[in-house]
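Chemist: Sequence:
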Amino acid sequence: MTATYSLNFCSAVKKSLKIITSNVIRVAVVNKITDFVLFLSNLCITFSVAVLGFYFFTGKIPIDALTSLIPQLNFYVVPLLIVIIGSYCVNRLFFDVFAFGVDTILMCALIDIDENDGTSSRPYYMSTALQNILNGKKHN
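Residue numbering for the sequence shown is 1 to 140, as defined by my numbering.
Because the hints were derived from the structure by calculation, they are not lab data.
A portion of the hints provided could be inaccurate.
Unchecked claim - Cross-link-like lysine-lysine pairs, in silico, DSS-like; alpha carbons within 25 Å at most:
hint	residue 1	residue 2
1	K18	K32
2	K15	K32
3	K14	K32
Please build the complete structure, drawing on both the sequences and the hints.
Modeler: Following this line, the structure appears as structure tokens:
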């Protein structure tokens with residue numbers, strides 16, 4: 001809002017809250033769906049890294065180039081937990097950047113809906129696919 005309208009921080013927050021509160025259902029639905037998809041993606045990637053790490057540390061990957069890289073471990077759970085926690089943290093950081101992008105696009109779309117009415121004199125600037133998503137219509 002500060003960049004869109006050249007407002008100071010407090011005025012931009014006031015205008016943003018007005019727009020968000022007038023579209024509470026849209027904001028809640030988009031945020032919850034985004035959070036759910038990103039959570040599932042994060043779990044899927046973390047689980048994949050855990051499986052690959054398990055096979056790597058137990059020596060069950062039959063690749064000749066990797067056999068010299070596999071350390072001799074008596075207890076592979078601690079390194080595996082470190083890899084799992086590290087992959088979860090890195091995934092979380094990347095998906096947080098994606099979530100910020102989704103929030104920014106949503107805020108821009110809400111500003112567009114607030115200022116324009118979709119007529120030929122004041123058309124929407126957002127794509128028709130985004131219009132259909134925000135209006136709950138099926139998109140082909």
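Chemist: State for each hint whether it applies.
Modeler: Verification of the supplied hints:
1. K18 <-> K32: 20 Å, holds
2. K15 <-> K32: 23 Å, holds
3. K14 <-> K32: 23 Å, holds
Checked against the numbered hints given earlier, this structure breaks none of them.
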